[in-house]
Amino acid sequence: MPSNLSSRTLLKGIPRKTLYEAENILKPLELTDDCYRKVMEIMNQNIEEGLHPDTHANANIKCFPTYVRSVPDGSEAGVFLALDLGGTNFRVLLINLHDQEVSLESKIYMIPQPIMLGSGDQLFDHIADCIFKFMCDHNLHDKSLPLGFTFSFSCRQAGLDKAILTTWTKGFKCEGVEGRNIVELLHAAIDRRKDMKNVRCLAVINDTVGALISCAHSDPDCAIGLILGTGTNACYIENLDNVKTWDGDNDDPKQVLINSEWGGFGNDGCLDFILTDFDRAMDNYSINPGKQIYEKMISGMYMGEIARLAIERLRKHKLLFEGKGSEQLSTRGRFYTKYISEIEGDDVDNFAMTKEILEELELTSPTDQDCRLVRHVCSLVSKRAAYLASAGIACLLNKMGRERATVAVDGSLYRFHPFFHDLMMEKTAQLIQPNLSFKIRLSNDGSGKGAALMAAVASRLPREEQEQNKLNGAMKETSLNN
Numbered sequence: 001m002p003s004n005l006s007s008r009t010l011l012k013g014i015p016r017k018t019l020y021e022a023e024n025i026l027k028p029l030e031l032t033d034d035c036y037r038k039v040m041e042i043m044n045q046n047i048e049e050g051l052h053p054d055t056h057a058n059a060n061i062k063c064f065p066t067y068v069r070s071v072p073d074g075s076e077a078g079v080f081l082a083l084d085l086g087g088t089n090f091r092v093l094l095i096n097l098h099d100q101e102v103s104l105e106s107k108i109y110m111i112p113q114p115i116m117l118g119s120g121d122q123l124f125d126h127i128a129d130c131i132f133k134f135m136c137d138h139n140l141h142d143k144s145l146p147l148g149f150t151f152s153f154s155c156r157q158a159g160l161d162k163a164i165l166t167t168w169t170k171g172f173k174c175e176g177v178e179g180r181n182i183v184e185l186l187h188a189a190i191d192r193r194k195d196m197k198n199v200r201c202l203a204v205i206n207d208t209v210g211a212l213i214s215c216a217h218s219d220p221d222c223a224i225g226l227i228l229g230t231g232t233n234a235c236y237i238e239n240l241d242n243v244k245t246w247d248g249d250n251d252d253p254k255q256v257l258i259n260s261e262w263g264g265f266g267n268d269g270c271l272d273f274i275l276t277d278f279d280r281a282m283d284n285y286s287i288n289p290g291k292q293i294y295e296k297m298i299s300g301m302y303m304g305e306i307a308r309l310a311i312e313r314l315r316k317h318k319l320l321f322e323g324k325g326s327e328q329l330s331t332r333g334r335f336y337t338k339y340i341s342e343i344e345g346d347d348v349d350n351f352a353m354t355k356e357i358l359e360e361l362e363l364t365s366p367t368d369q370d371c372r373l374v375r376h377v378c379s380l381v382s383k384r385a386a387y388l389a390s391a392g393i394a395c396l397l398n399k400m401g402r403e404r405a406t407v408a409v410d411g412s413l414y415r416f417h418p419f420f421h422d423l424m425m426e427k428t429a430q431l432i433q434p435n436l437s438f439k440i441r442l443s444n445d446g447s448g449k450g451a452a453l454m455a456a457v458a459s460r461l462p463r464e465e466q467e468q469n470k471l472n473g474a475m476k477e478t479s480l481n482n
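Taking the UniProt record's numbering, I'd label the letters of the sequence shown as residues 1 to 482.
Bear in mind the hints are in silico, worked out from the structure with no lab data behind them.
Don't be surprised by glycine CBs; every beta carbon is placed ideally from N, CA and C.
Treat the hints with care, since some could be wrong.
Unchecked claim - In silico BS3-like links for lysine-lysine, alpha-carbon gap of 27 Å or less:
id: 1; residue 1: K244; residue 2: K162
id: 2; residue 1: K133; residue 2: K162
id: 3; residue 1: K194; residue 2: K162
id: 4; residue 1: K12; residue 2: K27
id: 5; residue 1: K324; residue 2: K17
id: 6; residue 1: K133; residue 2: K143
id: 7; residue 1: K338; residue 2: K12
Said to hold, decoys possible - Derived Cβ-Cβ restraints for the label pairs, each shown as a range:
id: 8; residue 1: W168; residue 2: G345; range: 33 to 43 Å
id: 9; residue 1: V348; residue 2: D249; range: 52 to 62 Å
id: 10; residue 1: N435; residue 2: D121; range: 49 to 59 Å
id: 11; residue 1: K338; residue 2: N24; range: 26 to 36 Å
id: 12; residue 1: Y20; residue 2: S326; range: 20 to 30 Å
Work out the full structure: start from the sequences and follow the hints.
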């Protein structure tokens, strides 16, 4: 089905009274362009607050400087290791860079639950053991290898190779790590082994930075990294003069990547004007009520539940399934976000996938009318999510003011939803300033490739600085001789 199938076409054949009542219930999910522009205006103000030391502490969008000043320029070459830790699966990668060509090999290692709940030393000793096994498997144990680390937990960056863990999430609760520099803990574990001292972590990044860095290797216009998956976050390139919280040097380049942490946008109530009863009900029963409001309207962790609540509202008004529900449909979290992607990608001539999903939810013999209304709900929820993400992208594009910019996107929601890309292209184009142009493209393996590329950039910069110092010295000597 084309992404621009109109609601009128989709809802054709539904009795007028049923459609009128359904649209009254679902109307709050449809926002006007004025609403999206107001979201952009408030977001821009929140970003400014995050970039200023006087307002940073209470800002909803924290705008942490990442200390990443340079992105790949395509000249990076060599062999690098990368680590990717963001859950129970830990990945080690070997990445070979040559001009624009990138080849990689990787292996996944499990993090057993006792280690996830044990001490920090146990966790990092396990990580070091996995690195050593990987290096032995690839005959690398006697080589000196720069390493990049994608560490997808909440951190305060204090340098390119210094990330202070603020809070464990995703089932981890290792003692003695919060408040510590994770690179320091990794190096200590490597040193305890005494057989792989040539491995050193040069850069630690999060997944948004990884997405941007990975894309920038082949696209010099890349200026935004965006995650649209279980959660959402974005980073972008900011002029150093605008980062009033900056405490590093002011040398060239006069820019730094900013990790926005925009999922917390709306925590102060500034987005209440677009919240629906479905959003409020979902938030009330979440593990963090009142937090991550913007994320809860956009990301894969929550979209399915918003759709379930809307479907249940229609069902209780006897607009769906003849008013008959099921235990499955009434169970919080049981309508998965992947169902939205599958239903919207279904064939509207037979609704085979939609009917299969509804039968999984113990809703027997759904009619085509039921399927059309369920699909309409899914379409409204995903369209709002895509448009809200577009408002965020447009805000950043307008703020940067670059004539051309590429947005690198990773995450399961963006990858698997059939129309998310098209919806974002459509709405972002409507919201940005008319003199700007943009592209939105998938970033391949930002967590792995991006980490290695960041290590390559970090290892390249000292050489460039040394060469520049030599040149400056030679010029000074020539000037004195003259």
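Exercise. Would you mind confirming whether the straight-line C-alpha gap from K194 to K162 stays at or under 27 Å?
Key: Holds: K194 and K162 sit about 23 Å apart, inside 27 Å.
Exercise. For the range 26 to 36 Å, tell me whether the beta carbons of K338 and N24 fit it or not.
Key: holds (29 Å)
Quiz item: Are N435 and D121 spaced within 49 to 59 Å by their CB atoms?
Solution: holds (54 Å)
Quiz item: When you take the CB atoms of W168 and G345, is the distance between them in 33 to 43 Å?
Solution: holds (36 Å)
Self-check item: Hint check for S326 and Y20 - Cβ pair distance inside 20 to 30 Å
Solution: Cβ of Y20 to Cβ of S326: about 26 Å, so the range 20 to 30 Å holds.
Quiz item: Given the proposed pairing of K12 with K27, does the C-alpha separation stay at or below 27 Å?
Solution: holds (18 Å)
Quiz item: Between K133 and K143, is the straight-line Cα distance small enough, at 27 Å or below?
Solution: At roughly 14 Å apart (the allowed maximum being 27 Å), K143 and K133 satisfy the hint.
Exercise. Verify the proposed pairing of K244 with K162, using a straight-line Cα cut of 27 Å.
Key: holds (20 Å)
Self-check item: C-beta pair V348, D249: status relative to the range 52 to 62 Å that was hinted
Solution: For D249 against V348, whose Cβ atoms are near 58 Å apart, the range 52 to 62 Å holds.
Quiz item: Is the hinted pair K133 and K162 satisfied, with a Cα-Cα distance of at most 27 Å?
Solution: holds (25 Å)
Self-check item: Given pair status - K17, K324, alpha carbons within 27 Å
Solution: This hinted pair holds, its Cα atoms lying about 19 Å apart.
Quiz item: Taken at face value, is the distance from the CA of K12 to the CA of K338 at most 27 Å?
Solution: holds (25 Å)
Of the numbered hints stated above, none is contradicted by the structure.
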